[in-house]
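J.: Sequence:
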Amino acid sequence: MSAVYYWRQNNCFVNANADTRASVDSVTRIINRYTDSYQARWNQYERIRDDRIFDEDWL
Numbered sequence: 001m002s003a004v005y006y007w008r009q010n011n012c013f014v015n016a017n018a019d020t021r022a023s024v025d026s027v028t029r030i031i032n033r034y035t036d037s038y039q040a041r042w043n044q045y046e047r048i049r050d051d052r053i054f055d056e057d058w059l
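For reference, each letter of the sequence shown is one residue, going 1 to 59 in the working numbering.
Treat the hints with care, since some could be wrong.
[Claimed, not checked] Quick list of simulated restraints, FRET-style, between CB atoms: (1) Asp36 / Glu56: 14 to 24 angstroms; (2) Ser2 / Ile53: 16 to 26 angstroms; (3) Ser2 / Phe54: 16 to 26 angstroms.
Rather than coming from a laboratory, the hints here were simulated on the basis of the structure.
Glycine residues also receive a C-beta, built at the ideal position from the N, C-alpha and C atoms.
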């Protein structure tokens with residue numbers, strides 16, 4: 001529940017709807033600005049997208 005609260009309080013959803021590197025980086029900056037894992041997070045995003053992990057047809 002705390003993750004959902006944080007997501008909503010910080011308006012992460014505003015930046016999360018685009019399928020771009022800039023979108024992923026902007027959410028990362030909100031959640032963990034000083035991480036050195038921006039590239040790793042982008043790679044994970046691409047894997048989840050490309051493997052259609054959250055597609056409704058897959059569920």
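J.: Against this structure, judge whether each hint is valid.
T.: Right, here's what the structure says about each hint:
For the pair Asp36 and Glu56, the beta carbons lie near 34 angstroms from each other, so the given range of 14 to 24 angstroms is not met. Distance hint check: the CB atoms of Ser2 and Ile53 are about 23 angstroms apart, consistent with the given range 16 to 26 angstroms. In this structure the hint that Ser2 and Phe54 lie 16 to 26 angstroms apart at CB holds, the actual value being about 21 angstroms.
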